[in-house]
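**Student:** Next come the chains, spelled out residue by residue.
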Amino acid sequence: MSLLSLENVSFGYRPQQMIFENISFDVRPGEIFCIIGPNGCGKTTLIDSILGINRPQSGRIVVSDTDLHQLKPREFAQNIAYVPQSHTKTFPYTVLDIVVMGRTYATKMFASPNTSERSRAMESLEQVGLKGFENRLYTELSGGELQLVLIARALAQEAQILIMDEPTAHLDFRHELMVMEIISWLVKEKGLTIIMATHFLNQAFYLENEGVKIRVALMNQGSFKAVGTPAEVLTKDNLKDVFKIMSSIGTTDEEGINQRFIVPLKNIR
Amino acid sequence: MSPRKKTIVTLILIILPILFFFGTICVGRYYVSLTDIFRSIWQGITGQNSGLSQETTAVILQIRLPRAFLGAMVGAALAASGAAFQGLFRNPLVSSGILGVSAGAGFGAALAIVLFNNIFLTPLFAFFFGVLAVVLSYFAGRIDNTSPTITLVLGGTIIQSIFSALISLLKYMADTATQLPAVTFWLMGSLASTKTSAVFLSFIPMVIGMIGLVVMRYRLNVLSMGDREAKTLGINVMANKWFVISFATLATAGAVCVSGIVGWIGLIIPHIARMLVGNDNKWVIPASMSLGACFVIFCDTLCRTITGGEIPLGIITALIGGPFFIYLLKKTKGRNW
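From first to last, the protein sequence lines are chains Y and L. The first sequence runs contiguously to residue 269 in my numbering. The second sequence runs contiguously to residue 337 in my numbering.
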């Protein structure tokens, strides 16, 4: 059974210039599907298609047996939640105002979220470790805290599928690990399914080590070069082909943690 | 906001406009007392003689009461639509005129004055061209069936400048002895038009627009997250944008077609409202309406009392609003932005 599947999906902003072509994959319940690839390979455009922002030129995206474009906005938000890569802050809303927006689809057409929706938002805030932040202005948060707030907003949607576009893009090590811990908790404990794009290859090994079901898709120039477990896909040869780099792959056993890691060494000229 | 603060703020926002409303009726070269107001309103409703002089009841019922009503409506409508546009365009610097409604209405009014010089046609033309300008901006900013914020603003700016040029053309062509002063005075804004009771037809679009914005106010929070996030949060972005633009346009066009171009309200009142109630549009919209009503009533009172004649409202709103805004900015140290 697959929760979300893409069947030969192609998209380009101009007909003669496809960003990606004939992409097919199934995402199974309770797994992380991790899309990795160089800048400009089409990751974000692919994610936009899954979010229904781009309409594919050909192919089909199916969510729980329904064509993605048949879903009403409300139904979409019930099935898929999204954590953006970057967020432009405009008005200094409180943290709770932001998180409760995750309950928008459950709010009647012309109403505001009620107390029960607000308490659900408080729960998700607690789940990301930001209890007590509800009345802070979200414009005054650090980058790491903001990312956690946006994750809490997505959690408040209580959707089965979570889409994260570079969830640790501007974060320090500590916050990167915090986000990774939350991601692995979401999949293992709450049974969510996550589609995630990232540039941090070691995260795939981290999640695998945490006992999360994870598959990696290595994307290059608009198509998948390899799909499989992190160890199968993230090999020196594959990285050489796709990123044009020489790298070293090793294993650490510090802190009793046995985890693979990749160190990029040099560009191939 | 804490429940206690909510109660206090709600009370202030309800009581303040009522105070301003009755206050402005009292003030003027012909002073009337509060009891006079209630007695003459009672007389107006029941037809029983209140024992007041005919002059007093005429000043209250035919001049000041309608004018206070119009001031409250215009202020509330402009402030609510300004707040709505700020949320929609995710920009605290836009105001109710961003999609060209004021420029369009100005052109319509000028056209009616130059062509017909008819007191009934002027607001009709102003309303029609105000709405037309927004429709044109909307289609100018539409790309491939979507209306990205940035192209909408760009469309609005273009349509605004086209209508401004057309206003200049009409001024250039107008008769300098009669029409030009009328056009110029209209463009500076005034509530003096309450002399004709047809003015109250403008309440219809204003009320529809304001109810619409009050009803949509939570959606403004979601829309202010940007198109991409608003969509994934589960709303139909295009439809919601269209509704907000339509309601805000009805409110603004309804106000502008009878008051002329009164600047500043749609820009500063929402900011003052945010200082009071925070940024949740659930509160910002009603608070803006209340404060907008107070502000216009206050400015209009000055317009008709400072000098022997009438000072245009747009001049007073800018002269009061500008410095007051700077004061607030310094006092809050810009923390709300």
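There may be inaccurate statements among the hints.
What the hints assert, rightly or not - Quick partial rundown of chain L residues pointing at chain Y, CB under 10 angstroms, derived from the structure:
| # | residue |
| --- | --- |
| 1 | R90 |
| 2 | L233 |
| 3 | G234 |
| 4 | N236 |
| 5 | V284 |
| 6 | T305 |
| 7 | I306 |
| 8 | G308 |
| 9 | G309 |
| 10 | E310 |
These aren't lab readings, by the way, just hints derived from the structure by calculation. Nothing here was measured: the structure is a model prediction, and the numbers come from that model. Quick reminder that beta carbons are idealized off the backbone N, C-alpha and C, glycines included.
**Student:** Please go over all the hints and tell whether each is borne out by the structure.
**Tutor:** Structure-based check of each hint:
no. : hint : verdict
1   : R90  : 4 angstroms, holds
2   : L233 : 5 angstroms, holds
3   : G234 : 3 angstroms, holds
4   : N236 : 5 angstroms, holds
5   : V284 : 9 angstroms, holds
6   : T305 : 37 angstroms, violated
7   : I306 : 36 angstroms, violated
8   : G308 : 44 angstroms, violated
9   : G309 : 41 angstroms, violated
10  : E310 : 37 angstroms, violated
When held up to the earlier numbered hints, the structure conflicts with 6, 7, 8, 9 and 10 and fits the remainder.
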